[in-house]
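Residues per chain, in single letters:
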Amino acid sequence: MATVQTDQVTLTVNGQSVTVPKGTLILDAAKKVGIDIPIFCSHPKMAPVAVCRMCLVEVEKMPKLQPACAVYVAEGMVVKTTTEQVNKYQKGVLEFLLINHPLDCPICDKGGECPLQDQTYQYGPGASRYQFDKAHFDKSVPLSDKIVLDRERCILCWRCTRFSEEISGERELALIQRGVHTIIGTFNDEPAQSAYQGNWTEICPVGALTSRQYRFISRPWDLDRTPSVCPGCSMGCNIQIDARNNKIGRFQSRENVAVDDSWLCDFGRYSFPNFQRQSQERPRIRRGGRLEDVSYDEAIAFTVDGLKRAGGQAAGWASPADTNEELLLFRRLFRDVLRSPHLDHRSATVVDAEPGDMTLSIADIERLEHVVLLGGQEVIDAAPVLHLRLFKSQRKGVTVLKVGAGQVAEAVAGVSPDCTAVGILATEANKAAAVDLQTKLQRKIKGSVRRLIVTTGPNGRGAKDLGILPHLGPGYVALNGQAGTGRTEWPGAGLRALYVHESSPLHGFTPTDAESMWLPTVPLLVFHRFKPSPLDEMAHVILPGHAFTEKDGTVTNMEGRVQRIRKGIDAAWVREDWLVFQEIANQLGASWSYESVGQITSDLVRGLPPYMAVNQEARVLWSERP
Amino acid sequence: MALREVLLGPIYIARALLTTFKHNTRPIVTIEYPERQKAVPPRERGKHILHRYADGLEKCVGCELCAIACPVGCIVVEAAENPGERYAKRYEINLLRCIYCGMCEEACPYDAITMGPRYDLADDHPDKFIAVKEDMLEPLSASVGDTAVPSGAPSAQPVPRKW
Amino acid sequence: MPLAKPTVTQIQELAARYPSKQSAIIPALWAVQHEQGYVTDAAMSEIAQHLGLPPSLIEATASFYSMFLTRPEGRHDVVICVNAPCMLRGADEMAAYLERQLGVRDGATTSDGAITWHSTIECLGACGGAPMMQVDHRFEENLTPERIDAIIERLRTDPLPGPPHKGEGVEAPTPNKGEDVAQPKKPARPRARKN
Amino acid sequence: MGIKPLLTKDFATENLKQLAVYEKTGGYTGFKKALEMQPDALVDLVKASGLRGRGGAGFPTGNKWSFLPKGMYPRYLVCNADESEPGCFKDRYLMENSPHQVLEGILIASYAIGCNLAFIYIRGEYLPQTEALEAAIDEARQAGYLGKNVLGKGYDLDVILHRGAGAYICGEETAMLTSLEGYRGEPRLKPPFPAVKGLYGKPTVVNNVETVCNLPHIVLNGADWFKAIGTPTGSGTRLWCMSGHVNRPGNYEMENGTPIRELIEEHGGGVWKNRKLKAFQPGGASMMVLLPEHLDVGLDFDAIAKAGSLAGAGAMVVMDETTCMVDAARRYVKFFEHESCGKCTPCREGTYWMANIFDRFEGGEAKVGDIDLLLDIGYNIDGRSFCPLGDASTWFPRSVIKFFRDEFQEHISEKGCPFKKSVQEAVA
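These protein sequence lines are chains Z, W, G and X, in that order. For what it's worth, our numbering labels the leading residue of the first sequence as 31, then goes sequentially. For what it's worth, our numbering labels the leading residue of the second sequence as 220, then goes sequentially. For what it's worth, our numbering labels the leading residue of the third sequence as 18, then goes sequentially. For what it's worth, our numbering labels the leading residue of the fourth sequence as 216, then goes sequentially.
Simulated from the structure, these hints should not be mistaken for laboratory data. For clarity, every value in this text was computed on a predicted model and none was experimentally measured. Certain hints may be false.
Taking CB as the label site, the calculated pair distances span [to be verified]:
hint, chain 1, residue 1, chain 2, residue 2, range
1, G, E163, X, G465, 20 to 26 Å
2, Z, P155, X, G578, 23 to 29 Å
3, Z, Y151, W, I349, 32 to 38 Å
4, G, R171, X, G578, 33 to 39 Å
5, G, R122, X, D353, 41 to 47 Å
Glycine residues also receive a C-beta, built at the ideal position from the N, C-alpha and C atoms.
Pulled out of the complex, with its shape left as it was, chain Z reads as follows (with noise of 0.2 Å):
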C-alpha cells in the first residue's frame, strides 16, 4: 500500500518520466502512466507479498528481475516493462501457473472474467509444453454454504488467506501443505463462519472460490450491470447489481473509499434473493372480504376515497429502504395535502434523532485515536462492515474499546484524558447512552468527540432528515403543536387510515401484538408494498410497488452521504410508486406534475439545500444547527 508522503520521487517507466510520492509501488507508477503490468497476488488493500511472481519487470542496476507489486519507487529508477527477458519470463511463468491449472474454463464461473485467462491471452504462450497429468485435488469442495472451492484451479496467490488475516482479521482460511501439494482451507475442512466470505470469490483472480448462490446462473458477458447501493443495513455500501434476463444473478461491491473500502458484508451481497419478484401481480381490492384484481386507476381512486374519508385522522408509514424522493412524497402527502401529522418510518419508539447523530464519518474512524463501540456486537451486528473499518483502524494503531450499552462508565474509565480524537459508534436504541457517554467523554479529554448512530435500513437516515417522524419536520425542525402520533401509539388512537408503503422485505412493516389486534380495526388499510406479505390479509386495498432494486433514486446512509440507488431490474407492469403518489395527492386535490424521478430529486434539494451533497455523492452536513 501506498503510502502518502510530502516528498516525490521521478523515474522511468519504459521511457516515460513519472512523479510519484516517495513509497509508491513500481506497479502504481506505471499505472499512472498507462503501463499496465500483470498481476495475480498484488492487492491494493493488502501488504505486497510477492508471491506470484508474475509482476517482475526489468530495473536497470539491478541484477534479477524485481517484483513491481513489492518494490518501492527511488529516485532515478528506471523501469522497463517491455523487453524480451520480460516477456519471455511472463510467459513462462504464466506456463508454470497453467501446468497444475485445470483449463476448465467453460465450467468455471470465472470464466469471461478471470484475470488468468485474460492474462494468458496478453501475455501467455500460445501452447504448454508441459506433458504430464497434472496435479489432482478436491474439486467443488463446500468451503460453508455460501462458497464452493476448486482446489485445482487455485494458484496460490494467497490473497483470500491475507484477506482473512489483513482484513478481516478472523484468520480462518489458512495455507495447508506445503510445496506443490499447498492447498488453501478451513481448520478440519469445517465449514466457514466468517461473515465477509463473499469477497474471497470477488478477489480471488481465478475461479477457485465461487458463490454457490451464483454457480452456473450466468455468463459475466451475459449480465446488465447496474451500480447501486446495497439494501441490507444503513451503511450503504456501493454495489452493482449483476442481472441476467432481469434476474439478479448476484451483488459485486463497488468500490467507494469514504464507505465500504470495496468490500461487501455476505449478509448484505446475499440478501438479494428478497428481492426477486415472484409473479406479476395486479392491485387487489378488498370486496366482500374477498381481495379482487382490479386496475391502478380503480385502486387509486378506492385509495383516495378512504383518505378523504379519513383526513387528518389517517397515518402513514414509510419504510427506511425508500427513496428519498419517495419519502418526500410521502411526507408532503400526509403532511400538506391530508394535513394529517402521524407519519412514521420506525418500528419502535426510539430517542429522536438529531444532526449530531452523524458528526462522526465512517472514514473517519481511521483516523481516530479511540474509538467505543457502545453495545459491542451489536453494533457490528447492524453493519456488519463497519468490523472491516474498525479492524483496519486497529491494525493502523487505532484503539476499538468494545463495551456493553449499559457501560458508559467502563468506557469513560478506557479512554486517557489526552486522547484527541475519540469516537463514539452505537445503535439507535443505544442512542441516549451513546450521547450521555459523549458528554462525559467530552469533560474529560482535551480532544473532540464525535458520534456516529447506526440507523436502520438503507434509508433509515434519509428517513429522519426528511422528517418522515411524528414530531419533526424535515431538516430536524420541530413540528411545534403540531406533532403527531408516532408507530407505537397508532394502536388506540383512533386512526381512520393507515398507509403502509415498504419496498424491501428487509425493512418490511412487521406487526407486534398490539399492532395485530389494532389492525383489523382500521376503516382502510393501504399496502403499498413490493412483496406479498402477512399484512396482505389485513389490507383493503393492495398496491403492487417497486423493490428497492427496480428503482431511481437516492438512499441516505448512517452517516448522511446521499447516495443514488439505480432501476437493476425492470418491472414495467408496476406502477412506480412516486407516481402513485402524485395521482393520489392529485385526486386529493393537489396539483403535482413531476415527470421523473430527477425532478423530485431537484425539489428535494431546493426545500433542503444540504441535499446538494447528491450531487457529489457526499455527507449532508447539517452545519448550521448544533
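Starting from the known structure of chain Z, fit chains W, G and X onto it as the hints suggest.
Here is chains W, G and X on its own, set in the frame of chain Z:
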C-alpha cells in the same frame, strides 16, 4: 383438318410415346419425399445435434461459447448445477434466425454440438422453429437407455460424472 | 482423545517462554506427537485453545513440516536417506534390501506394528556415513545388509516405542498403540494426489 | 595451507561435551574476555578479523552485526543450526562434539550485538544434537554463563533452543524467523532485512553454527591472528564435509585456500575403488558441478566462485566415473521439489515440472526436446523465485547439462540409464 395431318397422326403419337418411353429408361432425379430422404454429404450443415457420451451423459456443459460465437445470436443457453457439475438446463436455437454457418460447432470445447444432416425444416408456425434441447439431443442408444437413464425421460438430468 | 495433563502444562509453559505465544506452536506440536504418537485434528484444536490462537493456524503450521505425523504409525520409525550423496554410496540397494526384509512398501507399517519405514530424499545430515538411516531419530550410519538385519531384529523385539526426546516428551508409552496402527480412527484427510 | 584444526582442535578430548572438560581446554575464557570489552569493540574486532558467514552466502559477519539500527531494542540473535543441505553435516559435528563451543560463540555474539534473548534453531532431525545442546545450556545456566546478571557483569542473557520439524527452507534466514514465530516456514520479502525487522519485527542477527564457533577463538587470539590464517578475502578455516565416492568421507577442517586436490586426494584418501574422479560439487546440493580440471582451485569463497561454482555450506560431494549424473541431478531436483515451500510460482511449479522430466529420463521415456526444455524451465526459475531455494534448484541440473549433455542424450537414445544397464549387464 387437313388430310395430311390425319395421315401423319399416328406418327406424332408414336413420336410422343417415344419421348415418354425414353424418359422411362432415364435415371430418376426426384425422390419420394417424405417417405424417403435425400442422402446428404457428410459435411452438410443442417439442423444441430447435441451429443452424448457413451454412458448417456450429455456432452454439453452449458458454457455458452456457442452462444457468443454465433454471429446472429440465435442460441440461448442457461446452465444449472446437477450435483457437482454443470449442464445446460435450457438450450434453444432459433432456427429461423440461424444461418447454418457452423460457428457454434467450431466454438464448442466439448464437441457437444455439431451440424446434423437434417435439412427439411418446414413448419406451420414460427414458434415451432425454436428448437429446444429435447429436439436436438441425440437419442440414447438402446443399451444406455435401459440402464443409465430412466426410460421415457430422454432428457432427464445427466448422470453425475466425476471430472 | 484429550491431551494428557502434563502435555497441557508443558504447552502452557512453552507459551510463556517465548516473546510471542505463537512461537510455541511447533514445540507444542512436538509435545503432542510425543504423547500421542501423531497429531490429530482434535489435538490441534486443543493446542489452539491453550495458546489462544485460531485452529487454522495450527493446522497450517503442522501440515507444513514433514516431521509431524497425521496418522498413527508403528512403534519404531525408520527413515532411510536416498538423496544423491547417500545414493552414491549405495543407499538405493540398502533401501531395496530394507523393503525386502520388512516386506512392506515405503511409508507402510509392518504387520506386527513394530516398524514404519520411509525412504526420504530429504538429507538427514550424515552424508559422511552414507548409506545411513535414522532409527527413532538416532543415526545408524555405514549400513550393510547385516547391520540392517540386526537393527530390524532389535526393533521387532523391542516392545516399547522409540525413546522420546527427554526434554519434550511426556513419558507415556501407549501400550494400545498397536491397535491404532491396525485401524486408523480417521482416514487422513484428502490431500493432494499426485499422478 | 592444509588441515588446520581450529574449531576442532580439542575434539579428540574425551567428554568434551561436559562443561568442566570444556573449561579445561580453555573454554569460556573467550567469553570472559569478551565480557571485559565494550560491545562495539567486539563488533570492530570481528569486522577486522574478516570472518565471513559459514552458512553459505559468505557475508562478512561483523558487517552483518553493524547493520543493526542504533538504539532499537530488544534485539535477537538466532543461531542457524538448521543444517539441511544435502552433503552437509558440519554443524551436526560441531554440536555433538562440542556444544559448549557453539554456546560460547552465541554468548559472545549476543553480548556484542546487545541481545538478551538468543535462539538456536536446530533442525528436527538432529535429536542427539538437540539433547547435547540442551544439556550444555543447562550446565551453562548453572555455571552462571546464562541467565540474569551473567558472571556478575550485569548482563542478562537467555538462550532458547527451538527445534524445527523437517523443512529445508527454514535454513533460509527469513524463513527461519517465520518458522520461529510459529508460522509456516515461508521466506519473507527483503527488504526489510532481518537486521532491521526480523524476529517479532525486531532487529535480528542470524548466524550459522560454524560462524559463531569461530568467535571464541577470534576474541582470544585477536583479529590479526585470524586474518593470518587462510586467504586475504577468506580468513580462517572451514569445515569441509566430504561425502560420496572417496575412501575416507567425513569432516575436515581446512585452512581457506587449500587446493581441493589436497582435500580429496590426501585427506579423503582419493576416489574409492581406484576409480577415476568424474565430478565434484564444492557446496552441497544446490551448487554447480566442477570437473577434475578444477581440482587445483583453492577452498575459498571467491576462488570457487571464479571457477563457476559456489562454496556454499562447504559440502564436498565427490562422484566417480560410474556415477550417472542424470540420476544425481534427479535426486537433487526431487529434493528441491519436496522442500519447496510453495510460496512462489516458479519454484513450486518449476521444480515439480523438472522432477517430472527427470523421472521421464530415469524411466527411459525422455523425448528429444527434453534437455532444452529443462534448460528453459531452469532459466524461468533462476533469478525469478522468491528466495534462493528456487534459484539453487536449477544450478546443479543446468551445470550438469552443460558438462554432461551427452549423458542426457544417451538416456534418450538408449531409452533408459546407460549406467544402470551396464551394471545389469555386468551382473548378468
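Against the structure, the hints:
no. : hint                          : result
1   : G/E163 <-> X/G465: 20 to 26 Å : 22 Å, holds
2   : Z/P155 <-> X/G578: 23 to 29 Å : 26 Å, holds
3   : Z/Y151 <-> W/I349: 32 to 38 Å : 34 Å, holds
4   : G/R171 <-> X/G578: 33 to 39 Å : 37 Å, holds
5   : G/R122 <-> X/D353: 41 to 47 Å : 42 Å, holds
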